[in-house]
Structure formats: structure tokens, C-alpha cells
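Just so we're aligned, residue 2 is where the sequence shown starts under this note's numbering, counting upward by one.
Check each hint, because a few of them may be wrong.
Said to hold, decoys possible - Listed next, the in silico SDA-like pairs over lysine to any residue satisfying Cα-Cα at most 25 Å (straight line):
1. Lys307 with Gln291
2. Lys307 with Ala91
3. Lys307 with Glu256
4. Lys133 with Ala54
5. Lys128 with Pro61
6. Lys127 with Ser173
7. Lys32 with Lys127
8. Lys246 with Ala91
9. Lys113 with Glu256
10. Lys133 with Ser232
11. Lys297 with Gln65
12. Lys32 with Ser232
13. Lys125 with Arg114
No lab work stands behind these hints: they were computed from the structure.
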Amino acid sequence: MKAYFLALLTLLLAPVALAADPAQVRIGYQKGSIALVLAKEHGLLERRFGGTAVQWIEFPAGPQMLEALNIGALDVASTGDIAPLFAQAAGADLAYIGAEPAKPHAETVLVKRDSPLRTTADLKGKKVAFQKGSSSHNVVLRALNAAGLSYKDIQPVYLTPADARAAFEQGSVDAWAIWEPYASLALTQGQARLLVDGSGLGLSGPIYSARREFANDYPAFIEALLQTLSSAEALTRSQRSESVKILTRSMGLPENVVVRYIDNRPASPISPVGPEVIAAQQATADLFYQNHLLPKALTVQQAAWKAPEPLPGGARQK
Numbered sequence: 002m003k004a005y006f007l008a009l010l011t012l013l014l015a016p017v018a019l020a021a022d023p024a025q026v027r028i029g030y031q032k033g034s035i036a037l038v039l040a041k042e043h044g045l046l047e048r049r050f051g052g053t054a055v056q057w058i059e060f061p062a063g064p065q066m067l068e069a070l071n072i073g074a075l076d077v078a079s080t081g082d083i084a085p086l087f088a089q090a091a092g093a094d095l096a097y098i099g100a101e102p103a104k105p106h107a108e109t110v111l112v113k114r115d116s117p118l119r120t121t122a123d124l125k126g127k128k129v130a131f132q133k134g135s136s137s138h139n140v141v142l143r144a145l146n147a148a149g150l151s152y153k154d155i156q157p158v159y160l161t162p163a164d165a166r167a168a169f170e171q172g173s174v175d176a177w178a179i180w181e182p183y184a185s186l187a188l189t190q191g192q193a194r195l196l197v198d199g200s201g202l203g204l205s206g207p208i209y210s211a212r213r214e215f216a217n218d219y220p221a222f223i224e225a226l227l228q229t230l231s232s233a234e235a236l237t238r239s240q241r242s243e244s245v246k247i248l249t250r251s252m253g254l255p256e257n258v259v260v261r262y263i264d265n266r267p268a269s270p271i272s273p274v275g276p277e278v279i280a281a282q283q284a285t286a287d288l289f290y291q292n293h294l295l296p297k298a299l300t301v302q303q304a305a306w307k308a309p310e311p312l313p314g315g316a317r318q319k
């Protein structure tokens, strides 16, 4: 009897071997998420993970995506650098699982072609439209600081990309802070002019986040998922013409817009979230808190995810 209880106790205390792949994964993406769009269109995840039902859900911007992740309606999300900070401040138990390099030329502040505004300093007192809690929010704040202005020097108008574009075209705002491919679309149509982009502003790149429980339950799947998405992103170089055609069709944009978008971004493999990414995100979180744009100070390291260490036999421990 004693031996039985010892065996039972050993079984109860033993690390749990986790399933390799989930039955389902819900992935959030945006129109401009090149790695995800190409993976979706080529069916790369569906082929690699035959036992997993892959559900693709498009969002207008990162904040809406991470709201869905926070309530358990999404498993993996690809957003700009700021959305995860706002989500963390709101109490979301998200985990940073990967990051892409910064894309400063893909983050812009636009004005009308005939606008009298010529420099960032000219934005003082003006209405600037952008998605609150997005990468554009970061560009606006950093550009203002670089020009010797503060956030209080402008009139922020918080709008989704579609609503901001309408407001910009109607002339109800003076400037529009927006990311690609929306920026290239506006610029190629000839009604907009670049005021400033993210060059020299110390921006971070896109962040891949997951529900922490999902990442902890399926660490090998998360690692393979990011590898597959990196392979999809690499197609923009190894199969450029085909990728342009696919993105043109899937994004519903003119081909010259897609070409300009691709040319405005560096090679963007997805890397593990290392100390440099955490430090950059922490600096941004501190900047937003100091400007009273985040409700509380954050410790970004708490959002970093590390795959559980493999146990003998290949299992992993939670």
C-alpha cells in the first residue's frame, strides 16, 4: 500500500507533457501584415500543422486585436510596438513571443499636398489624426519631442485608419499619422505629402503576442509558427514578383502601392524577444507614462515569454 501511494504521489508531482499542436489557433492580422498575409495566401500554416484548424481574423489596427486577445477570442496577434503596452497597462496577460526589425520609413505623418505645414514644429496647435495606442501614436509623440514640442502642443484626434483617412481627405484634420500600406496609398494618389517619418526616432518593430496560457501550453507550436511566418516573409525577396501579385490581390491595393510598401521595409524575419527589444519597449513605456498617456508605469519584462525548458524525453514543464 505504501508503494502504491508513493507511486501515486510521484505521478501527481511529475511534470505534465504538453500536446505538440493545438486543435485550433486563431490568428489576428492586419491588411499590412506581410508575413501573415503571405502565409495565409500560400496556406503555409495549414500545410505544416495538418491537425490544427487555422482561423485568420483581420483587424483594422493593433488595439482592437489585443482587446480580442485579452478576452480570449484570439490566440496570436501581430501588432505595432505600442498596442502591447496599452494592453499590458489594461491588465491583459499577454506574452511577447517574437519581434520584427523596426521599419522607420513605414511609419509616417502625412499632410495635404498643398498644406502650409513643412516641419514637425508646424504641427503646434494643429489637429493630428491617428489610432490611439498604435505605432502611429508613438511616431507622433517622438517626432514632437524631437522638434522640441510636447504632446500638449497638438490636438490629437483618435480615429481608426479608415476614419482618419476620411477626416484627412475632407480637411477636418491638419495631419494624419499612419503606417503602411495606407501611407503609400495616400502618397501615390497624389493628395498627400510626407511631413516626417520614423527615421532617427528610435522606433521598435512589430511585436508578436500570444495569450500567455496558449503560449505556455504549446511552446513547440509557437516556435514553429514563428519560423513558418519568417519563411513567408522571406518570399518578398525570393519570390518578389509573385509576392507582389498575391499582396496586390489580397490587400485590394494597386500594384504600385504594394511595390512601394515592400521597398519601404527591410528584411523582417521574426526573432525571439531578447534584451534589446525589451529595453526598447521599456523606454517607450516610460516615455508614454511620463507624458500621461499610459495610466501606470509598466515593467515590460513581465510580458516577455520564454519557452519552458525541455525535460528528458522531450516533454516540457509549465
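Proposed proximity, Ala91 with Lys246 (alpha carbon, max 25 Å): Not satisfied, since the Cα-Cα distance of roughly 39 Å exceeds 25 Å.
Given pair status - Glu256, Lys307, alpha carbons within 25 Å: The given pair, whose Cα atoms are some 39 Å apart, is violated under the 25 Å limit.
Hinted pair Lys297 and Gln65, Cα distance within 25 Å: Between Lys297 and Gln65 the Cα gap is close to 20 Å, so the pair holds against 25 Å.
Straight-line alpha-carbon gap Lys32 to Ser232, limit 25 Å: holds, 19 Å
Agreement of Lys125 and Arg114 with the hint, judged by alpha carbon distance not exceeding 25 Å: holds, 19 Å
Satisfaction of hint between Ser173 and Lys127, Cα-Cα up to 25 Å: holds, 11 Å
Lys32 paired with Lys127 [C-alpha distance capped at 25 Å]: violated, 29 Å
Agreement of Lys307 and Gln291 with the hint, judged by alpha carbon distance not exceeding 25 Å: Given pair Lys307, Gln291 is violated - Cα atoms ~29 Å apart, limit 25 Å.
Given hint Glu256 paired with Lys113 - CA-CA distance at most 25 Å: Holds, at roughly 23 Å.
Straight-line alpha-carbon gap Lys128 to Pro61, limit 25 Å: holds, 22 Å
Hint consistency between Lys133 and Ala54 [alpha-carbon to alpha-carbon, up to 25 Å]: Answer violated: Lys133 to Ala54 is near 32 Å, above 25 Å.
Pairwise hint evaluation, Ala91 against Lys307, where the allowed Cα distance is 25 Å at most: Given pair Lys307, Ala91 holds - Cα atoms ~22 Å apart, limit 25 Å.
In this structure, the earlier hints numbered 1, 3, 4, 7, 8, 10 are contradicted, and the remaining ones agree with it.
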